[in-house]
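Colleague: Hey, can you work out the whole structure from these sequences and the hints?
As given, the protein sequences belong to chains Z and D, one line each in that order.
The numbers in the working numbering rise by one with no breaks, and the one at position 32 of the first sequence is 32.
The numbers in the working numbering rise by one with no breaks, and the one at position 85 of the second sequence is 85.
Keep in mind that the hints were calculated from the coordinates and are not lab data.
From the three backbone atoms N, C-alpha and C, an ideal C-beta is built for every residue, glycine too.
Be aware that a few hints might be false.
Some chain Z residues close to chain D (C-beta under 10 Å, calculated; not the full set) [claimed, not checked]:
#1 L54
#2 V55
#3 A62
#4 L92
Short, incomplete list of chain D residues facing chain Z, as computed with Cβ under 7 Å [what the hints assert, rightly or not]:
#5 A47
#6 L51
#7 F66
#8 A104
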Amino acid sequence: MNKNSVHDGAALLNGDRVSSTLAAIPYARHLGVRVAEFSEAGAVVFHLPFEERLVGNVTLPALHGGVIAAFMQVAALASTYSFLRGERLPKLVDFSLDYLSSAGPMDLYAVCDMHRVGKRIAAVGVRCWQQSPDNPVGVGRAHVFIAQSASDPNLQHVRSDQNSIAAHLATATGANSPLPTKAEDSK
Amino acid sequence: MTSPKKIAISIEEVERLFSQHMPHGLDTGMCLDDIDADGKTRMHLPAQDFLAGDPAGQFFFPGVMFSLADSACGLAVFRSLGRFAPIATLDMRVDHLAPATMDADLIAVAECYRLTTPIAFARCELLSGPQRRLVAIAMGTFVLSSSSSGAFDINKFAKDHQS
Chain Z
1 MNKNSVHDGA ALLNGDRVSS TLAAIPYARH LGVRVAEFSE AGAVVFHLPF
51 EERLVGNVTL PALHGGVIAA FMQVAALAST YSFLRGERLP KLVDFSLDYL
101 SSAGPMDLYA VCDMHRVGKR IAAVGVRCWQ QSPDNPVGVG RAHVFIAQSA
151 SDPNLQHVRS DQNSIAAHLA TATGANSPLP TKAEDSK
Chain D
1 MTSPKKIAIS IEEVERLFSQ HMPHGLDTGM CLDDIDADGK TRMHLPAQDF
51 LAGDPAGQFF FPGVMFSLAD SACGLAVFRS LGRFAPIATL DMRVDHLAPA
101 TMDADLIAVA ECYRLTTPIA FARCELLSGP QRRLVAIAMG TFVLSSSSSG
151 AFDINKFAKD HQS
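Modeller: Rendered as structure tokens:
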């Protein structure tokens with residue numbers, strides 16, 4: 001898998017794995033991150049519908065920079081997880097974000113580029129835009145830890161939560177998601 | 001190298017700005033603390049289930065920490081300026097040293113360590129857990145808006161935004 005080119009890797013992106021990542025991250029659900037589409041190249045386009053509570057500056061108005069960052073991080077983690085075949089949820093090592101312009105009171109979109117996926121670390125680029133992909137509001141770069149560290153106590157429960165992730169699928173994908181949901185969540 | 005001026009801005013003014021200026025701060029529950037004795041800007045964010053990054057709800061999601069760091073750094077820049085002025089985050093980077101446990105408030109301690117025209121440099125430490133362990137370090141640069149040549153009148157702002 002690691003020898004695959006970026007484009008081969010993109011073709012491996014798996015909608016269920018993307019959805020399960022969104023479902024597994026409570027803050028991603030709180031923000032309202034969803035999948036907009038799968039691009040022709042196989043990459044996932046993430047979508048964050050605008051809400052008033054995401055605003056950081058009411059006079060402009062503009063979305064909070066932290067909302068943009070969190071949305072892009074969700075995209076990076078979900079893309080990474082879908083790229084892999086293991087059950088471990090990836091962890092963010094660092095994240096760097098260049099803000100290119102103020103983000104107005106509109107929906108956000110993001111797409112990731114798996115620059116490199118090694119055995120332990122993935123380098124992921126994220127581009128975020130509003131009205132046009134050619135006019136990004138932010139570009140980010142994440143290093144994601146994808147191997148299990150011996151000293152990490154939180155991975156046990158992550159593994160054991162994989163079953164419950166599936167149970168979250170229905171609630172996370174939402175009514176307008178193009179993704180098929182596996183089960184109805186009556187809760 | 002000039003060190004940033006430290007001019008006191010009342011907490012009340014800052015809180016008013018926060019409560020009316022930043023719905024996202026209200027949404028997540030960010031709180032501004034009194035300025036530290038060392039002049040650093042301190043904020044805290046009480047743990048809530050929806051702020052978690054893992055299904056078991058044990059750790060803050062990194063993006064939540066980014067938000068808190070961005071806000072704290074921005075406030076630190078305001079304090080260095082001695083006034084509120086439109087600023088924009090140029091870039092910010094967060095290094096995650098350890099998982100941020102949700103068994104206590106997340107704490108941000110930020111400072112503006114260099115102030116020029118029009119760029120301000122700020123950094124922030126994020127602490128979590130009862131032991132206030134250092135879990136992340138953030139660094140950011142901010143640009144003072146070209147339209148911010150005049151002083152920002154907090155009282156006018158408050159009047160304009162009273163609903």
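Colleague: It remains to establish, for every hint, whether it holds in the given structure.
Modeller: Results for each hint:
The restraint placing L54 (chain Z) at the interface with chain D holds, with a minimum CB-CB distance near 6 Å, inside the 10 Å limit. A distance limit of 10 Å between C-beta atoms decides the matter here; for V55 (chain Z) the minimum to chain D is near 5 Å, and the interface restraint holds. Given hint, A62 (chain Z) at the interface with chain D, holds; its Cβ is 9 Å from that chain's nearest Cβ, closer than 10 Å. Look at L92 (chain Z): its Cβ gets to within about 4 Å of chain D, closer than 10 Å, so that hint holds up.
Taken as an interface hint, A47 (chain D) does not check out: its beta carbon lies about 11 Å from the nearest beta carbon of chain Z, beyond 7 Å. Taking 7 Å as the C-beta contact cut-off toward chain Z, the hint placing L51 (chain D) at the interface holds, the least distance being around 6 Å. A cut of 7 Å between beta carbons decides the hint on F66 (chain D): the least distance to chain Z is about 4 Å, and the hint holds. Evaluation of the A104 (chain D) hint against chain Z yields a violated restraint, the C-beta minimum of about 16 Å exceeding 7 Å.
Hint compliance for this structure: hints 5, 8 are broken, all remaining hints hold.
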